[in-house]
Every structure is written in structure tokens, then in C-alpha cells.
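Undergrad: Chain order of the listed sequences is A and B. Sequential numbering from 15 applies to the first sequence in the numbering used here. Sequential numbering from 34 applies to the second sequence in the numbering used here.
Take the hints with a grain of salt, since some may be wrong.
Computed cross-link-like contacts, DSSO-like style, restricted to lysine-lysine with a CA-CA straight-line distance of at most 30 Å [to be verified]:
(1) B/Lys468 - A/Lys203
(2) B/Lys272 - B/Lys102
(3) B/Lys45 - A/Lys299
(4) B/Lys45 - B/Lys272
(5) A/Lys191 - A/Lys203
(6) B/Lys373 - B/Lys361
(7) B/Lys45 - B/Lys55
(8) B/Lys361 - A/Lys299
(9) A/Lys191 - B/Lys468
(10) B/Lys373 - B/Lys468
(11) B/Lys102 - B/Lys45
(12) A/Lys299 - B/Lys55
(13) B/Lys361 - B/Lys272
(14) A/Lys299 - B/Lys468
(15) B/Lys361 - A/Lys191
(16) A/Lys93 - A/Lys203
(17) A/Lys191 - A/Lys299
(18) B/Lys439 - B/Lys468
(19) B/Lys102 - B/Lys55
(20) B/Lys272 - B/Lys123
(21) A/Lys203 - B/Lys55
(22) B/Lys123 - B/Lys439
(23) B/Lys373 - B/Lys102
(24) A/Lys191 - B/Lys55
None of these hints come from the bench; they were simulated from the model.
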Amino acid sequence: MTDAALSGRTRTEVDRIQDSYMAQVRRRRMYGGLTLAIFVLLMVSGFVVADGRNAGGFWDGWRQMLDFPADVLSEAWEKRANLPGLLVRYFPALIETINIAAASTLIGAIFGLVLSLLSTRGLARWPRLIPLFRRFMDILRAVPEIVIALVLIFILGGGPVPAMIAIALHTAGALGKLYSEVAENADLKPVEGLASTGATWSQRMWLGVLPQVAPNFLSYTLLRFEINIRASAILGFVGAGGIGFELRNAMAWGPGRFDEAAAIFLLLFGTIVFFDQISSRYRNKLTEGT
Amino acid sequence: MTDATATLGSHKTSADALFRRKRLIGFAVPAVVLAYLAYIAVAFDVAGLLQRASTDNAVILASDSWSYKTHVTLDNRRGGITYAIEGERKGAYPDGERPAWVTENAAGDVLIDLEDGHLVRFLPDSAVTYDVPGFGTIEAQLVDGSVVTNLSEPIPDWINLSDQRMTVTTDAGRLTMTRSRTEVFRYFPGWELFWFTLDSPYHGHGLARIAFGDRIDPDRPNLSGAMSDFWNNGMWRHKDVAWAIGETILMAFLGTFGAAMLALPMAFLAAKRFSPVGALRFGMRRIFDFVRGVDALIWTVVLARAFGPGPLTGALAILITDSGTFGKIFSEALENVDEKQIEGVASTGARPLQRYRFGVIPQIVPVLLAQVLYFLESNTRSATIIGAITGGGIGLMLTQAIQTQKDWEEVAYYIVLIVTMVMIMDTVSGWLRGKLIGRKE
């Protein structure tokens with residue numbers, strides 16, 4: 015009698031728990047499904063809008079997608095004898111692109127280093143100004159490179175320097191944030207030790223913090239260098255010199271100069287893959303070494 | 034004893050060597066950096082660049098971006114005076130209206146007050162006078178198609194004079210006289226006509242007046258009329274700008290999420306744990322490398338040929354490039370999933386697809402979503418640049434405005450919009466990341 019009553023009560027309890035569990039699952043599924051539906055709706059309508067505002071439609075263009083690479087390849091193949099000569103001819107432009115990337119990474123890293131140390135809790139020279147430096151880095155990161163590059167091209171004239179400055183500013187903001195995250199975890203004991211000997215702020219940073227964080231900083235810098243090579247090629251296309259500029263000229267000529275476009279494609283592709291490989295190998299070494 | 038000194042000795046030499054190396058590196062690294070920067074300064078011709086740099090352009094840029102000028106133009110051939118902001122048709126005053134600082138006296142002379150004592154008079158017979166405080170009155174007249182003035186040598190450098198043309202530039206404004214027209218510029222701070230152009234009845238009315246006051250335009254309710262006039266403002270083109278911003282965000286959105294959806298199944302094929310066929314794995318990885326290596330620039334150029342200019346091309350370029358990057362990141366994340374959860378799901382008799390759905394996906398979703406949202410952020414910036422190349426979005430409007438080299442206030446407006454857009458996208462994606470995967474801090 016009591017047993018039955020007990021089991022009866024437990025059953026209702028279990029039922030209740032099960033019901034509420036199932037309701038919860040249903041609600042979660044509904045929310046999940048709803049999110050998915052909204053997402054799919056956004057993707058589809060976004061695609062339709064983009065397709066409508068594009069000069070050529072997606073469905074026509076789809077079939078022509080391989081036409082241009084085929085044109086370029088066939089023309090390059092016909093004139094394959096020119097290719098080594100063209101590769102040599104565009105090599106200086108490639109060097110310029112790499113130089114833009116390297117110089118802007120270097121300058122950006124130096125500024126990013128200073129900014130990051132100034133905006134890290136525990137290390138900052140003026141702790142009250144930390145929010146100021148952080149906002150400053152946010153702004154540096156938010157301004158797209160093309161904006162600064164175009165304005166500087168107007169003032170300074172075309173060439174590699176506007177692109178270098180534009181990329182360096184962005185790099186300073188981006189690296190500054192990453193550096194500061196690393197520096198936050200640095201051990202403060204060496205800094206205190208140095209402070210007790212009367213070291214100045216720059217000595218404390220140079221001798222107490224940098225040796226700890228150098229491998230991580232280098233690894234981020236290399237990653238940034240990869241990104242900057244791509245950025246400097248793209249900015250060249252907008253008028254800032256280097257291989258991107260040559261590519262735009264070759265493209266503007268249209269058929270007949272596609273062998274030049276092919277040579278530039280080849281150089282750019284080779285460079286990006288080469289530096290990607292080197293930097294990822296070196297980065298692995300750096301992060302494993304610690 | 035001898036043993037100990039021997040080992041100590043070798044330790045000492047190795048320690049000395051280490052110190053020497055560190056000392057060398059400590060000086061060599063900064064030296065190399067300096068040498069490289071010096072090489073760059075020479076290779077990029079920084080000295081020549083500084084000489085060529087146009088400070089005039091910088092001044093124009095700095096002053097024009099926050100000010101505007103109103104043109105008062107007298108047609109010397111047909112007569113008649115027009116008043117237009119920035120000298121554009123879209124900014125012209127309607128017939129019969131004129132700015133308050135231009136008056137006509139009884140004799141028919143037109144007086145243009147440039148303030149601080151600067152006064153320009155348009156007189157009959159194509160004559161003009163300009164009172165410049167501290168200098169005197171400049172008189173000029175067109176006689177048989179050439180400019181005749183009362184100026185005598187030496188002519189100050191703020192006046193540019195030939196018999197075809199006279200230009201007087203002062204702090205208060207500018208007077209230009211040529212055979213075809215006599216023109217006065219007066220400069221004002223601010224972005225004029227930002228809300229309504231002069232032909233809109235709502236021009237010059239405050240927000241409170243429009244929202245709560247009587248009907249200004251009898252045909253339309255105030256709010257909807259004002260909205261439509263603002264939206265179709267021909268000077269600032271708010272409609273086009275809004276569409277361009279929308280296109281840029283759309284490119285980033287479609288590209289990023291499209292790439293993520295494309296890359297996820299491919300990442301399974303490239304991950305050691307889920308794809309037993311070595312050749313397939315290798316092939317997939319090379320595809321990722323290839324797609325990443327070709328780079329957004331080349332993809333953009335290639336796709337623009339097939340799809341023409343527009344946002345779809347930009348979205349596809351981002352999609353293709355990032356699917357390579359995502360493929361690589363996702364497959365690395367898949368290699369690191371915890372086996373235990375999959376085993377647990379498998380022990381309930383789940384089929385492979387169910388094992389992936391309930392054993393793998395829940396583990397990697399936070400990692401993947403965080404990555405995808407990071408890329409959404411940075412792709413908003415990329416879409417601005419790609420738009421400038423493919424011809425879509427705010428990037429194109431910015432490039433065009435800079436290339437015309439006169440609408441600097443529009444350039445400033447676009448820059449403000451772009452930076453705001455990027456910052457909002459940063460905030461939204463950071464907030465979403467926090468919601469979806471839990472805040473780190």
C-alpha cells in the first residue's frame with residue numbers, strides 16, 4: 015500500500031522532470047531552429063541582393079569563371095619563351111612590395127611595442143593613461159589601410175611610402191593589442207628586481223620584460239608580416255607602387271599582355287607561399303622552444 | 034678535484050660563449066634593424082619624397098574637409114548672377130533668392146560682404162571693386178575681353194594677374210575675374226546642406242519645428258517629407274552612401290559565413306582523425322594552401338572578369354580566400370578534439386553522422402565561431418579595399434571622392450562612416466563572441 019503510493023508519487027515526479035526536460039529540449043531546438051532559419055534567410059536574401067546589385071549575374075558568371083584564367087594561361091603558354099624575362103623584369107617590383115611589407119612590419123612592431131607596454135597594467139609608465147593608449151590603438155586598428163594610403167597618396171604623391179605608413183599604422187594598432195595581451199602575463203619579479211637597483215622605466219622594460227616575451231612577440235610579428243605582404247600587394251593595385259601596381263597596368267592592357275599578368279600572378283603566388291612556409295616553420299620553432 | 038676544475042672550466046667557457054653571443058645579438062639586432070631602415074629610406078627615396086610632398090594639398094585637405102564655400106558667379110557674356118554652394122547645380126539657390134550677405138543697392142550694384150571689412154562690388158559694364166583692409170581698393174574691368182586693373186607693380190603674391198585673368202586670394206575669400214565670368218568665393222565652416230538641399234522646403238528648419246510644428250510643405254506630412262528629402266539629398270547622397278555601407282557589410286558577411294560553411298566539410302576531409310585516406314588529406318591541404326596563396330587580390334581580379342563589378346564579386350573573393358584559411362584552422366581544431374566524447378556517443382550505438390553531430394561539433398563550435406567572428410571583423414576592413422578594386426561599396430565611393438580631388442568634405446564624411454562602421458562591427462562581433470562562447474575576462 016505504502017509502496018504503491020510511493021512508487022506512484024515517484025512516477026509522477028519522474029514524469030514531471032521528464033516533461034520539463036522535454037519542454038526544455040523542445041525550446042532549445044526551437045531557438046536553435048529559429049536562429050538557423052534567420053541565418054539562412056539572411057544568407058539567401060543577402061546573396062539575392064548582392065546578385066541584383068552586381069553588374070554581371072552569378073549564374074552567368076559562374077560559367078565564365080574559368081574563361082579568364084584559361085585565357086591567361088593559354089596566352090602565357092603561347093609566349094612561354096618570354097616568361098623568364100618577364101619574371102626578371104617584375105622582380106624589382108616584387109622586391110618593392112616585400113620591402114613595403116617588411117619596413118611597415120618593423121616600424122609598426124616598434125610602435126606597437128611601445129604602445130603595448132604603455133597600455134599594460136602593471137608595466138605602464140603612466141598607469142592613468144592606459145585607457146587613452148588603448149583607445150588610440152583601437153582607432154589605429156579600425157582605420158582601414160586604404161583610407162590612410164589614399165589620403166597620403168594625395169599629399170605625398172604615389173609610391174611606396176604612403177602604403178608603408180598606412181600599413182605601419184594599422185600594424186602598430188594590431189600588434190600593440192596582441193603584445194599587450196602577452197605582456198600582461200609576464201612575470202613581474204625581474205621588473206621589481208631591476209626597479210630595486212634603480213633602473214629607469216625603459217631599462218626595466220628592455221631588460222626585465224622583453225626577454226620573457228620576445229618569442230611570442232616575434233611569432234606574432236612574423237604572422238603580421240605574412241598579412242602585410244598581402245596588404246601591400248593590394249594597396250599597390252590602388253596606386254601605391256610595387257607588384258600590385260604592375261598587375262593593374264598589365265590588366266588594363268587586356269588581352270595581348272596576359273603573359274605579363276601571368277608572370278605577376280606567378281611571382282605573387284610564389285612569394286606568398288614562400289613566406290607563409292618560412293614563417294609558419296619558424297613560428298612553430300619559437301612557440302615550441304618555450 | 035682535478036675532475037671538478039675540468040668540468041667547471043668547460044662550464045665557464047660555455048657560459049662565456051653564451052654571454053658573448055648574447056652581447057653580440059644585443060648589439061647586432063638593433064644594428065641590423067637600423068641598417069635595414071636606412072636602406073629603405075634610400076630605396077624608397079624618402080628625401081626626394083619629402084621635397085615633392087605638396088603642403089598645399091595638405092592644407093586644402095585639412096581646411097576643405099570641415100568647411101564649404103559659396104560661389105557668387107557673374108556671367109560676363111550673358112549677364113545674370115548665380116549663387117551656388119560649392120558651385121554645384123545641386124547646391125544652387127533657387128531663382129530670386131540669394132544669401133543674406135549679398136545685397137543690391139538702388140543703383141543696381143551688387144554688394145558682397147566678405148566680413149572683416151572685405152567688400153566686393155559688382156558694378157555695371159563688367160567692372161568689379163574689392164576693398165581689402167590695409168591694402169586699399171582693387172578695381173578691375175573687362176575691356177574688349179581683357180582684364181584691366183588699377184594695380185601697379187609690385188603686385189603682392191596673393192594677387193595673380195595677367196591680362197586674361199585676375200585672382201585675388203585673401204583670408205576672407207577669393208575673387209576671380211576672367212573673360213567669361215567674375216566669381217567670388219566665401220568660405221564657411223561646417224558641412225552645408227548635409228540635411229536638406231536648398232530646393233527642399235525643409236531647409237533651414239530645426240528638428241523640433243519639423244517634428245512638432247505645422248506642415249511646411251502642404252502636400253506632405255512633415256516627417257515623411259523630411260525623411261524623403263533627406264534620403265534623396267543630391268549633395269550628400271545619403272541613399273547611395275547607406276547602400277554602399279550595406280554592400281560593404283554584405284560582402285564581409287556573405288564572404289565570411291559562406292567560407293565557413295564551405296570550409297567545414299572540407300576540414301573534416303583534411304583532418305587525420307576523420308579522413309583515413311592519406312592522399313585525400315594531402316590533396317585537401319594543398320587545395321587550402323593554393324587558395325590561400327593565390328590571395329584575395331588575384332581572386333578579386335579574376336572574379337571581376339567573370340562577374341563584373343559589384344558586391345557579389347567582392348563577396349566571392351572573400352569567400353574563396355577565406356575558405357582556404359578556415360579550412361586550415363578548422364582542420365587543426367578537428368585534430369585536437371577529445372576522443373572521449375566521441376567514444377561516449379558511439380557507445381550508445383550512434384551512426385558516424387550522429388557521432389560527428391553530437392560528439393565532435395559541440396567541442397569545436399566555440400573555437401570555430403570565435404574564429405569566424407574575428408574574420409568577420411577583419412573582413413569588414415578588407416571589403417572596403419576589395420570594394421575599391423571590384424567597384425562596389427563604400428570603398429569605391431571613397432576612392433572616387435578622393436580622385437575627383439575637390440569634395441574633401443565628402444571624403445571626411447566617408448572616412449568617419451568607415452571608421453564608425455568598422456568599430457560597430459568590432460563591438461557587435463565582440464559582444465556575440467562573449468554571448469556564444471562565454472567571456473574570457
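Undergrad: Going back to the hint list, which numbers does this structure go against?
TA: The structure conflicts with hints 1, 4, 11, 13, 14, 16, 18, 19 and 23, although it agrees with all the remaining ones.
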